[in-house]
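Residue numbers (our numbering), protein chains in the order written: chain A, 1 to 195; chain B, 1 to 401.
Please keep in mind that the hints were generated in silico from the structure rather than gathered at the bench.
Any given hint could be a false lead.
[What the hints assert, rightly or not] Estimated spans, in silico, between C-beta atoms of each pair:
| no. | chain 1 | residue 1 | chain 2 | residue 2 | range |
| --- | --- | --- | --- | --- | --- |
| 1 | B | Q346 | A | P92 | 35 to 43 Å |
| 2 | A | I177 | B | L365 | 37 to 45 Å |
| 3 | A | L8 | B | F379 | 29 to 37 Å |
[Unchecked claim] In silico PhoX-like pairs for lysine-lysine, Cα to Cα no more than 20 Å straight-line:
| no. | chain 1 | residue 1 | chain 2 | residue 2 |
| --- | --- | --- | --- | --- |
| 4 | B | K374 | B | K280 |
| 5 | B | K224 | B | K259 |
| 6 | B | K248 | B | K151 |
| 7 | B | K78 | B | K182 |
| 8 | B | K280 | B | K151 |
| 9 | B | K371 | A | K40 |
| 10 | A | K40 | B | K257 |
| 11 | A | K40 | B | K374 |
| 12 | B | K281 | B | K241 |
C-beta atoms are modelled at their ideal positions from N, C-alpha and C, and glycine is treated no differently.
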Amino acid sequence: MGSRASTLLREEEIEEIKKETGFSHSQITRLYSRFTSLDKGENGTLSREDFQRIPELAINPLGDRIINAFFPEGEDQVNFRGFMRTLAHFRPIEDNEKNKDPIASEPLNSRSNKLLFAFRLYDLDRDDKISRDELLQVLRMMVGVNISDEQLGSIADRTIQEADQNGDNSISFNEFIKVLEKVDVEQKMSIRFLH
Amino acid sequence: CSELLPLAIWLSELYWSIVDWATHRIERGAKDNNHLLYKPYSNGDNRDLDHASEFEMSDIFYFCRQGVESIMDDEVTKRFSAEELESWNLLTRSNYNFQHISLRLTVLWGLGVVIRYGFLLPLRVTLAFTGVGLLVVLTSIIGFLPNGRMKNFLSEQVHLMCYRICVRALTAIITYHDSENKPKNGGICVANHTSPIDVIILASDGCYAMVGQIHGGLMGVIQKSMVKACPHIWFERSEVKDRHLVAKRLSDHVEDKTKLPILIFPEGTCINNTSVMMFKKGSFEIGSTVYPVAIKYDPRFGDAFWNSSQFGMVNYLLRMMSSWAIVCSVWYLPPMTREEGEDAVQFANRVKAAIARQGGLVDLLWDGGLKRGKVKDTFKEEQQKLYSKMLVGTQEDRSRS
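Start from the sequences, fold in the hints, and give me the full structure.
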C-alpha cells in the first residue's frame, strides 16, 4: 500500500542528482528522508548545528572538519544538492564505471576526488598546501591532550620530511597523492549501501 | 446520560473484540526494524588498534569514514521520532513518504477518519473520563479507611478496575507473557519507556507503587487522591534533584514488605520503541530484586510513542484515542539481582540487555537524555585517548624502548 517516494522531491531533481552523483533513485530518496529528518528548522537547508546534533558525529575527533567539508567557502547553510554532492565522494567505485564514456567529466567518487576530500580535511586555510602548522592542528584534534607538544611536533616533522619533495616544507596535493599511492583509498573512503 | 454509559461500554467492548480478533489473525512477532543504510565499519578493515604504529596521513580516512557514515545514518537520532512504517495504516500522522496513490485509498482513508473521529473518539473520551473520575473519587473514599488488609485489598481492586476502564478507553490490546514472573512486594519493576500509556498497561495487570514528580492541575489531583489509598512515591520538584533523598525513600519503601513493588522507567525519557537506551543507575543501586519487563508496541495500529517536543500531553492523548488501536506485548522477565563484583552500571546494562533481547529492540549504550541535551565531551576524549595509545603505545612500551 503506497510507495515510499518523497512527495517533496521532484522527479527532475532526482534525475539531475542521479547524473551528477551516480546515486540510484532509491538511495537518493532514502538520503532525502535523512536530510529532512536532520533539518530541524524545516527550511530546506542544514546548518552546522544540525550536523552537531548527531551524537556519533559530535564525539568524532575530526567531527568539525568533516562538517566543514559540506559547507562551501564562507557559507553557513547547505542545501540537498550540496549535501548529496559531498556524500557522493563516498560512493564505492564500481567496475562498470571504469568503462564509462571517457569524455564525461571525472565522477565525484574517483580515487583522485576521494583523496582531494581527505586533503581538504588537513588543509585548514584552503590554500592547497598542508603546512606544518596545519598538520599539527589536525594531529592535535585527533589525539586530544594525550601527547606532548614535542612528540607531536616530531611526528609532524617526520611526516613532512617523508612527503615533501620540492623542499617548501609543506605538502601539496600531488605530494599527498604520491605518499598515499600504495593505500587502498577506494576501500577506505567508500561506504557500501545495503540497498 | 446514564443510559449512554452502559451503551458506550458495550460498544467499546465490541470494537475491542473485533480488533483483538484482527490482531491475532495478523502474524505478529518481535521484528528487529533496524534498517541500516550501510554496512557498518569493521575494525578489521583498518589497522589493529591494539598494536602501536606510527602516524600515517591515511589515518584520517578512519575518522573521516566513520563521520560520514554517522551523517548518512546514525543509531541515536532516529530513536526520538516515531518509527517509519513499511506500508501505510491509513493514519495521516504516519504518512511521511506515501504519495497519493489512488482514489480508492483516499476514500478508504476518509471513511477511516469518519469512524475514528466521529465514533471511536467520543466513545473513548467518555470512558476515559469515567475511568479517571472513578479513580479519584473511590481512592479518596478508601483513604478514610483505617490502614490494614481491608484497605489494601479495596485499594488494589479499585486501581485495577479503573486502569482496566482506561485500557478499554484506548482500545489497547495487550498480550501478557510469562505472568508467573510478575513483580512481588519489596521488588522494583523496571521497564522500557515509550509513552505514559506504559503505566496504564502495566498497572491494569498488577498493582504497583508509582514513582514520580508531583504535577499541578488534573494530574496532581489524581496523584494526591491515589496516594490516599496506598503508598505511592511522589516527589516535589525540588526533591527530584537530591539523589540521596530519592534513593533513601525508594529503599525505605522496598524494605517494607507490605508495600507494593515500585514501578520505574530507568531510561528517564520516552524512546520510540525500536531500541532501549541507557538505564540510569539509581534504581539499580538500591539492592533489592529487580523484575524486568519488556513492552513492545505494534506500530501498525497506532504509534504509541510520545514525542514530547512535538506535542503536549493532551494532544498526545487525543491522537492515541483517535488511532485504530494500541496493540502491544508485555513480557515479564525472570527476576534479577546484583551479582558479586558487579557494580550498579554493569547490573543496569545486564537488565537492559535482557529487556532488549526479549522485546526485539536494539540495545544502545547512548543516553536517552541526548533527545534534548548535547553529548558529553568525555566520549570524544575517549576516542582521542584510544588513537593516541595506538600512536605512541603505553607508558611501559616507551620506557622499554
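Okay, the hints, checked on the actual structure:
1. Q346/B x P92/A: 35 to 43 Å: 40 Å, holds
2. I177/A x L365/B: 37 to 45 Å: 39 Å, holds
3. L8/A x F379/B: 29 to 37 Å: 34 Å, holds
4. K374/B x K280/B: 17 Å, holds
5. K224/B x K259/B: 18 Å, holds
6. K248/B x K151/B: At roughly 26 Å apart (the allowed maximum being 20 Å), K151/B and K248/B break the hint.
7. K78/B x K182/B: Violated, because 32 Å separates the two Cα atoms, which is more than 20 Å.
8. K280/B x K151/B: Given pair K280/B, K151/B is violated - Cα atoms ~34 Å apart, limit 20 Å.
9. K371/B x K40/A: Holds, at about 13 Å.
10. K40/A x K257/B: Violated. K40/A to K257/B sits at ~49 Å, over the 20 Å cutoff.
11. K40/A x K374/B: 15 Å, holds
12. K281/B x K241/B: 15 Å, holds
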